[in-house]
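K.L.:
Based on these hints, arrange chains B and C on the given structure of chain A.
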Amino acid sequence: MREVAVIGIGLTKFGELWDTPLRDLFAMAAADCLEDAGVGRDQVQSAYIGCMTSGMFVAQEHLASILTDYAGLKGIAATRVESACASGGAAFRAAYLEVASGASDFVLAGGVEKMNDGADATACLAAAADQEYEVFHGVTFPGLYAMIAQAHMAKYGTTPEQMAAVAVKNHDNGARNPKAQFQMEITKDTVLNAVRVAEPLGLFDCSPVTDGGACVLLAPVEVARKLGKPIVKIIGSGHATDTIALHDREDFASIPVVGLAAQRAFQQAGIGIKDVDFAEVHDCFTISEIVCTEELGIFERGKGGPAAEAGETALDGSFPVNTSGGLKSKGHPVGATGIAQICEVYAQLTGRAGDRQLKNPRRGLAQNMGGSGGSCTVHILEVES
Amino acid sequence: MHGIVGYGAYVPRFRIKAEDIANQWGADADAFKKGLLLEEKTVPGPDEDTITISVAAARDAVTRAGIDPQLIGACYIGSESHPYAVKPSGTVLIDALGIGPDCHVADFEFACKAGTEAMYVAYSHVKSGEMEYALGIGADTSQGAPGDALEYTASAGGSAFIMGSEGVVAEILHTYSFTSDTPDFWRREGEFYPRHAGRFTGEPAYFHHVLSSCRGILERSGMKPADFKYAVFHMPNGKFPLRAGKAMGFRKEQLEQGWVVNLMGNTYSGSSPTGLAACLDEAEPGDHILVTSFGSGAGSDSFILRATDRLPEVQGLAPKVRDQLADRRIHLDYGKYVAYRGKIRMNEV
Amino acid sequence: MITPRYHREIPQRYRLEAGKCAACGEIHFPPRAVCRKCGGREMETVALPRRGKVVTHTTVWIPPAPFEGQKPYVNAVVELENGVKLTCMVAEAPPDEVKIGTEVELVFRRLQHEPVWEVIQYGYKARVVKV
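Protein chains in written order, with the working numbering: chain A, 1 to 385; chain B, 1001 to 1349; chain C, 2001 to 2131.
Derived from the structure by calculation, the hints contain no laboratory data. As the structure is a computational prediction, the values presented were derived from the model and not from experiment. One or more hints might be untrue.
List time: in silico SDA-like cross-link candidates among lysine to any residue, alpha-carbon distance up to 25 Å [to be verified]:
no.	chain 1	residue 1	chain 2	residue 2
1	C	Lys2099	C	Ala2022
2	C	Lys2085	A	Glu132
3	C	Lys2085	A	Lys13
4	B	Lys1336	C	Pro2049
5	C	Lys2085	A	Ala127
6	C	Lys2071	B	Ala1029
7	A	Lys13	A	Pro220
8	C	Lys2071	B	Ser1177
9	C	Lys2071	B	Gly1316
10	A	Lys303	A	Gly259
11	C	Lys2085	A	Asn193
12	C	Lys2071	B	Arg1345
13	C	Lys2099	A	Asn116
14	C	Lys2099	A	Met153
15	C	Lys2085	C	Gln2070
16	A	Lys188	C	Lys2085
17	C	Lys2071	A	Asn116
18	A	Lys155	A	Ala123
19	C	Lys2071	A	Asn193
20	C	Lys2071	A	Gly259
Okay, chain A solo, but in the shape it has when bound:
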């Protein structure tokens, strides 16, 4: 397999973008990305686009055609990739494999979701759970993660205050991200006293409903070198699935699919979590950031909550997590999230992260998860010094 690099990124503003339709969200991100890479649109051979459920949100399927056309890429090979909220990560992996295989040199990995167009977002998102044996019984996504939280609290003593610390930290970071949906700092009391969504999760424990698009362009490392780009290599790509239904798993205080995907990525990279400097993790809910940091091995099991509360995951902490603001503050346009995470890792590794820039990070990790842990991708990127 050839070595593959990310050579450009493009990200729309995240938020309630009432005046921007689905097709333009992708077109804008793709155009920004190609401009950033300095690659002409006629050079792009193929695209993989993550989108979770445009069929339910805006009744539009057959996305590969409409989106590439509106991005000025009519004619290229294009595929829509769906793996619930991990659609972006799965699209990135597909694009990575196509370049690594030698089949194509310039492949676009994109993600997009238009969630604010009048549909019942709770019902649309619930399609990522087992429709007949979870959703039929009134289960919502906050409800599923709330049940993970209850189990984690019971097993490890994790507290609402620790979960609140995740939200506060991510808002601190998001306040420094001009693309973020919520560019505002919040206090722990705001989180703890918020309207209840699903016990023990309140409104500020939950990521928002967001419109947004994201794209990255991949090319062989050798081609990137010729173009004179900073070399940000994909050194590990892990992908795993688990049961779609939470109840079919053994331990609700864990999300095993994350550990499994991470293990595969680390194995390919030949490194461990100690060799990674920061991570974008899938904080669709505050509890999920805590559990994912444990699954990734950043902290021991049961220590994710105390670590968050102690500031270990802050910009100046021992292992910064979600420097972008995460899904919580940056926003969570579900299909775009996995790609937006790669954008942040790339920005940090190339020194382009502005007010939230880490000091000379070398390796960053992006972990993107579908459903209540039914699918996950983990990617590790390394910048050549």
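P.N.:
Positioned in the frame of chain A, the structure of chains B and C alone reads:
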């Protein structure tokens, strides 16, 4: 010997107190409680209806009967609150309990008498030898218009009876029915709440039919009130059944066990069947029980039963009526009550 | 959920019918065409026990539209006596009545109605067993 081989009753967990209804309408709570002899009534949860109540009661009836549900040859649910105007309730019931598909199923409706109707037809099937077992159920999630006197009483619950000739717990000795066209209470197609003719529902309707039916069955059986341990009369409110019993010469002690209305309200088709279930919960072998239902429109069915030696063996196999009435009640306020009863208009899904 | 789909699942929703792998004995709820443990294709029908205990739970305050009239309600994962786990609502329970380990039984309740044709859909819910 033919009669009941298994029975079960279901009482929802939710309640509303009579004074909370009275306070809503600025009425004199004490006057209503005294006038109706009623403390509170049951309220079905938002996930309960005649079908779920029937399934719960019938499941306990199967447990007490100790039979293979496949042997039940007919299922009848009597109710005036079948969830569908067109589509049977009984089909859901048989698929939930694993009865059939070789089974005769029908829904009955005759105001508050539909339950005893279902029991009567089920009993006739086994008596004729047409089938081994037949199931008759009376269940309702009764409606009363907001502010109407009926609102104090219209409640939810029901009881199920499996009839058979093997393993009888209460033998049915006599039956009698008394019927005439008497429009005291009705609901036209498409109307949400039933209407009633005020005091006309009393003497010409309830008392005329209940007392005539009761006299008829006593005459046929040659029995007198003193021969019975228990007597149950349909319970539209607390007062009517006690007055009817007294008029027939029954003593208070004979009426008390089946008189569940003060804590349960009027469960319409489930009313006298649940009174009977409460008596079966406590009856001893050889005890005689008289039951007389009433359905507006109007008619009464009467049954005379005698408890067998097997009854005490099954009484403890499922929850008793009075335990359910006392157990873990959740009292709703008026707002929650009308929401649960679908009396406020929500957005369509 | 459209009516044909609901009708197909009546054995599971009404009677808790599970599939037991004829080769290895693994019990699947809902039944599966292929055994998750051994890959076996032959299944026999078995009914699940109705008793179990709560493994985890939540109180849902912001429900999807079909459940609006029941909010707040309790959802739980219940582990039945034979080890099979399923997700359901806990009927009529005040939230503080349900804890990890709470004993429940499965009862038959009305779950929702099909949005287009308004067919009422029934199924199982848990109910706290009297302590």
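K.L.:
Confirm or reject each hint.
P.N.:
Results of checking the hints against the structure:
Note on Lys2099 of chain C and Ala2022 of chain C: the hinted pairing is violated, with a Cα-Cα distance of about 36 Å set against a maximum of 25 Å. For the hint pairing Lys2085 of chain C with Glu132 of chain A, the CA-to-CA distance comes to about 15 Å; that is within 25 Å, so the pair holds. Proposed proximity of Lys2085 of chain C and Lys13 of chain A is contradicted: the alpha carbons are some 42 Å apart, above 25 Å. Our distance criterion of 25 Å between C-alpha atoms is broken by Lys1336 of chain B and Pro2049 of chain C, whose separation comes to about 33 Å.
About 21 Å separates the Cα atoms of Lys2085 of chain C and Ala127 of chain A, which keeps this hinted pair within 25 Å; it holds. A threshold of 25 Å between alpha carbons decides the hint, and for Lys2071 of chain C with Ala1029 of chain B the separation of about 30 Å lies outside it, so the pair is violated. Under the criterion of a C-alpha separation no larger than 25 Å, the hint pairing Lys13 of chain A with Pro220 of chain A is inconsistent with the structure, at around 28 Å. Proposed proximity of Lys2071 of chain C and Ser1177 of chain B is contradicted: the alpha carbons are some 45 Å apart, above 25 Å.
Restraint check: the Cα-Cα separation between Lys2071 of chain C and Gly1316 of chain B comes to about 35 Å, which exceeds 25 Å; the hinted pair is violated. A hinted pair counts as satisfied when its Cα atoms are at most 25 Å apart, and Lys303 of chain A with Gly259 of chain A qualifies at roughly 16 Å. This hinted pair does not check out: Lys2085 of chain C and Asn193 of chain A have alpha carbons roughly 33 Å apart, beyond 25 Å. For the proposed pair Lys2071 of chain C and Arg1345 of chain B, the alpha carbon gap of about 16 Å is at most 25 Å, so the pair holds.
Restraint check for Lys2099 of chain C and Asn116 of chain A: not satisfied, since their Cα atoms lie roughly 36 Å apart, outside the 25 Å limit. As the CA atoms of Lys2099 of chain C and Met153 of chain A are separated by approximately 12 Å, the hinted pair is consistent with the 25 Å bound. Distance check on the hinted pair: Lys2085 of chain C and Gln2070 of chain C sit about 24 Å apart at the alpha-carbon level, within 25 Å; holds. Restraint check for Lys188 of chain A and Lys2085 of chain C: the C-alpha separation of about 35 Å exceeds 25 Å, so the hint is violated.
In summary, the hint linking Lys2071 of chain C to Asn116 of chain A is supported, as the alpha carbons are separated by about 24 Å, within the 25 Å threshold. Restraint check for Lys155 of chain A and Ala123 of chain A: the C-alpha separation of about 30 Å exceeds 25 Å, so the hint is violated. At most 25 Å may separate the alpha-carbon atoms for a hinted pair to count; Lys2071 of chain C and Asn193 of chain A meet this at roughly 20 Å. With a CA separation close to 35 Å, the supplied pair Lys2071 of chain C and Gly259 of chain A exceeds the 25 Å bound.
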